[in-house]
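Following the hints, complete the assembly by docking chain B onto the known chain A.
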Amino acid sequence: MALQNIWFLLWGLLWAIYFITDGFDLGIGSLYPFLGKSDADKRTMINAMGPVWDGNQVWLLTAGGVTFAAFPLVYAVMFSSLYTALMLILFALIIRGVSFEFRHKIDDPKWTKIWDTCIFVGSVLPAILFGVAFANIFRGIPFDQEGVYQGTLLTLLNPYGLLGGLLFLLLFLQHGSLWLSVRSQGPIHDRAVKTANGIWPVLLVVAVVFLIATKFATGLYDNYLAHPVLFVIVLLAVAGLFGAKVFLSRKEIFKAWVASAVTIIGCTFFGVVGLFPNLFPSSIDPAYSLTAHNASSSPLTLKIMLFVALFFVPLVLAYQIWSYQLFKDKIRTEDMMY
Amino acid sequence: MDALLLSRFQFAATTMFHFLFVPLTLGLSIIVAYMETKYIRTGDKTYLDMTKFWAKLFLINFAVGVVTGITLEFQFGTNWSRYSAYVGDIFGSLLAIEATASFFLESTLIGVWIFGWNKLSKKAHAAVMWLVALGSHLSAVWILVANAWMQSPVGYTIREGRAELTDFAAVVTQKFAVVKIIHTISSAMVLGAFFIMGISAYHLLKKNNVDFFNRSFKTGLGFAVVFSLVVFIMGDLNGVVVGEKQPAKLAAMESLWETQKAAPVYLFAWPDEENGRNTIEIGPIPGALSLLVKHDFNAEIKGLNDFPKEEHPPVLITSFAFKGMVGLGTVFILLSIAGLFLKDKLVNTPLYLKIMVAAIPLPYLAIQLGWLVTEIGRQPWIVYGLMKTAEADSPIAASQVGISLAAFIIVYGLLGLAGFYLIARKAIQGPDMDGDDNGHGAIGQPLKTA
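If you're matching them up, the sequences are chains A and B in order. Mapping to the numbering used here: the first sequence position 69 is 206, numbers consecutive. Mapping to the numbering used here: the second sequence position 271 is 1227, numbers consecutive.
Note that these hints are calculated values from the structure, not bench results. Incorrect hints may appear among the rest.
Capping the alpha-carbon separation at 25 Å, the derived lysine to aspartate or glutamate pairs in DMTMM-like fashion look like this [said to hold, decoys possible]:
no.: 1; chain 1: B; residue 1: Lys1344; chain 2: A; residue 2: Glu283
no.: 2; chain 1: B; residue 1: Lys1079; chain 2: A; residue 2: Asp466
no.: 3; chain 1: A; residue 1: Lys440; chain 2: B; residue 2: Asp1123
no.: 4; chain 1: B; residue 1: Lys1382; chain 2: A; residue 2: Asp422
no.: 5; chain 1: B; residue 1: Lys1382; chain 2: A; residue 2: Asp281
no.: 6; chain 1: B; residue 1: Lys1075; chain 2: A; residue 2: Glu471
no.: 7; chain 1: A; residue 1: Lys465; chain 2: A; residue 2: Asp327
no.: 8; chain 1: B; residue 1: Lys1382; chain 2: A; residue 2: Asp359
no.: 9; chain 1: A; residue 1: Lys440; chain 2: B; residue 2: Glu1116
no.: 10; chain 1: B; residue 1: Lys1201; chain 2: B; residue 2: Asp1388
no.: 11; chain 1: A; residue 1: Lys440; chain 2: B; residue 2: Glu1120
no.: 12; chain 1: B; residue 1: Lys1001; chain 2: A; residue 2: Asp253
no.: 13; chain 1: B; residue 1: Lys1075; chain 2: A; residue 2: Asp253
no.: 14; chain 1: B; residue 1: Lys1001; chain 2: B; residue 2: Asp1167
no.: 15; chain 1: B; residue 1: Lys1078; chain 2: A; residue 2: Asp327
no.: 16; chain 1: A; residue 1: Lys352; chain 2: A; residue 2: Asp253
no.: 17; chain 1: B; residue 1: Lys1344; chain 2: B; residue 2: Glu1237
no.: 18; chain 1: A; residue 1: Lys174; chain 2: A; residue 2: Glu283
no.: 19; chain 1: B; residue 1: Lys1075; chain 2: A; residue 2: Asp245
no.: 20; chain 1: A; residue 1: Lys392; chain 2: A; residue 2: Asp466
no.: 21; chain 1: B; residue 1: Lys1079; chain 2: A; residue 2: Glu471
no.: 22; chain 1: B; residue 1: Lys1078; chain 2: A; residue 2: Asp466
no.: 23; chain 1: B; residue 1: Lys1382; chain 2: A; residue 2: Asp327
Since the model is a prediction, treat every value here as computed from it, not as a measurement.
So here's chain A without its partners, still in its complex pose:
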């Protein structure tokens, strides 16, 4: 049914927007101890995402909320199956979020150190775990007919899952270092550019390995082979990746960041389109898999939610773009609020 397919795509889109927006926050946080040599550097890094990180994070809640609203059965089985992984992500995001606000409130190195650690752990852990979780979804999750998960956290840490974690981390590191380059100046800017340049070849290699491993670990390519036109999505991701490099070498950093965002959209949709119509495939028996068609809400709910989404998502995008526009300049010390 058309409505369910639209919601499937919207579901993928919301995850993609979350990864583009909060992705650079997670990237900057993961680079925090390495690029933040001085306190001024650290403040620059925090303030580079300061005005927008909170709004960015809401895309995660929206992606989760929409899963609940449009595909309640997926929401129920996915999050109870991935219980520990999801809890780790949530705890990480919690300690990251308060750190921005708490860190500068008391002028004591021990206090600052606590929140510095929280910013790093709170960023690097979700960056990796989102990748692990999605790679495992691509691969199929061992859950039975009743939606009961037959594994542990360790089940998720298989080679393909870990490869997914590494890929996500690198995508976000590149995305974050580019955003930091956009918004900073001086030595920290130079270090961020250098980092982006350094990460790029590693990302390229890991992305290629991931594409190959996907052939063996998942059934994602079935949809692509059935409809070769879909390979355009892979091309999009590749174009974004090379675009980022080209713009970076021309010192057009903002464009490089946009290209990096395109890579992330491409990667997300590569998985989402390959999954279709599965949202949460079972590795025990494909018959248990939860799909856009057997796990969706009623047509009335899907319709109401579609109106909500078509009205509010563009509105949210509009005022978020306005806020990005407002804070697009290089940060000066007097602009730092955190």
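Then chain B, alone, in the frame of chain A:
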């Protein structure tokens, strides 16, 4: 302990913790926006200083409130998957609307407000704060609509083994939701007002920045007077709706065991849940309960003994939490009215000021008690009359939940300590009267590393 019980503890702990911070966010967002508007209207710089000082406390609180809310949305999936699958068609959409239509507004614009002092005109900056307040309140509205549906499910039909939406308008506009929304939002205003009055009282006792804190106190007082009355009136209406939709909860709130006409309210009653009676009953006011709930002195109220025992909510907690909440609500009205008489001689009435400092935690307590009544009083149902809590949990290992529960207690405990410590510290430090127009020294820390 089994996974069900652990999940219940976890949900209770995380929601109650989250709701230590949400009411202050709701209440202060409005009061801070009001102060900033006053500044623009009058040009009086004290209002700017007030905006910045109270916003500083607001923002610390806001941060903890936001991050602790993240887990709640996901816990329905992680810990209550059978519930989510059964009612997601309705309940899930309300949560999704909350995120899309309101949480975005609040979270995006708070960043604009914090960083926007130099980027926006004064009017636009104040307007942004009003929009933050709007976003926070709309969030509360959607969450309360969702909660009201758990209390009183409407607008649905059971199809293919789950509840499916049939009438969205009925879900959003039902009386239970409307009354609960006004009651809860007003209680948040009372909490915000008492927070401001209490901290102001502390400084007035020490004669710090007397003009600043006199004005702050009076600003809080205005809100306290109005909303302590609104809370009480809406609380009474809430009781009527509960009597109509959740008669077992009502009976538990009042420790009423036998069905009777002219049912009394007891000033104090100690329920004996085993034997279906009260061990101690003091000060019955005959007919008071009938009058309150049915607006008829002689109306018949159903007692708990006429409900199957397995459908009794825990009576002791429900009734004590209810009586505590009502008692505190009365105290807030009395303290607010006393404030009206004393407001022009606050520094000369140290006793009142001391009481107001001591009263800071009371609205927090009242609000927590209110949620205990609402949620424990709904037991054994997760959706009243439709689904039992025991049928709602996820098929997951108790050990998993045990570990996450322990982690929540530790992490939230530390965060709560750090958060309240920072709020108290900044509150005691008082306003930075040298703060300049762009917000430094008030919102952000002045940079030492420039």
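The hints, checked one at a time:
For the proposed pair B:Lys1344 and A:Glu283, the alpha carbon gap of about 19 Å is at most 25 Å, so the pair holds. In summary, the hint linking B:Lys1079 to A:Asp466 is supported, as the alpha carbons are separated by about 22 Å, within the 25 Å threshold. For a cut-off of 25 Å, the pair hint linking A:Lys440 to B:Asp1123 stands: about 13 Å separates their Cα positions. The hinted pair formed by B:Lys1382 and A:Asp422 fails the criterion: a straight-line CA distance of about 58 Å is larger than 25 Å.
As the CA atoms of B:Lys1382 and A:Asp281 are separated by approximately 53 Å, the hinted pair breaks the 25 Å bound. For the proposed pair B:Lys1075 and A:Glu471, the alpha carbon gap of about 12 Å is at most 25 Å, so the pair holds. Between A:Lys465 and A:Asp327 the CA atoms are separated by roughly 18 Å; this keeps the pair inside 25 Å, and the hint holds. At most 25 Å may separate the alpha-carbon atoms for a hinted pair to count; B:Lys1382 and A:Asp359 exceed this at roughly 59 Å.
Straight-line distance between C-alpha atoms of A:Lys440 and B:Glu1116 comes to about 19 Å, which keeps the hinted pair within the 25 Å bound. Proposed proximity of B:Lys1201 and B:Asp1388 is contradicted: the alpha carbons are some 51 Å apart, above 25 Å. Annotation: proposed proximity of A:Lys440 to B:Glu1120 holds, straight-line Cα distance about 13 Å (limit 25 Å). Among the hinted pairs, B:Lys1001 with A:Asp253 is inconsistent with the structure: their alpha-carbon atoms are about 36 Å apart, more than 25 Å.
A distance of roughly 28 Å separates the Cα atoms of B:Lys1075 and A:Asp253; the hinted pair therefore is violated under the 25 Å criterion. Proposed proximity of B:Lys1001 and B:Asp1167 is supported: the alpha carbons are some 12 Å apart, at most 25 Å. Proposed proximity of B:Lys1078 and A:Asp327 is contradicted: the alpha carbons are some 36 Å apart, above 25 Å. Restraint check: the Cα-Cα separation between A:Lys352 and A:Asp253 comes to about 40 Å, which exceeds 25 Å; the hinted pair is violated.
A distance of roughly 31 Å separates the Cα atoms of B:Lys1344 and B:Glu1237; the hinted pair therefore is violated under the 25 Å criterion. A hinted pair counts as satisfied when its Cα atoms are at most 25 Å apart, and A:Lys174 with A:Glu283 does not qualify at roughly 52 Å. Pair hint B:Lys1075 plus A:Asp245 does not hold up; C-alpha atoms about 31 Å apart against a cutoff of 25 Å. Pair hint A:Lys392 plus A:Asp466 holds up; C-alpha atoms about 15 Å apart against a cutoff of 25 Å.
Restraint check for B:Lys1079 and A:Glu471: the C-alpha separation of about 22 Å stays at or below 25 Å, so the hint holds. With a C-alpha separation of about 21 Å, the suggested pair B:Lys1078 and A:Asp466 falls inside the 25 Å cut-off, and the hint holds. A C-alpha spacing of about 37 Å is found between B:Lys1382 and A:Asp327, which places the hinted pair above 25 Å, so the restraint is violated.
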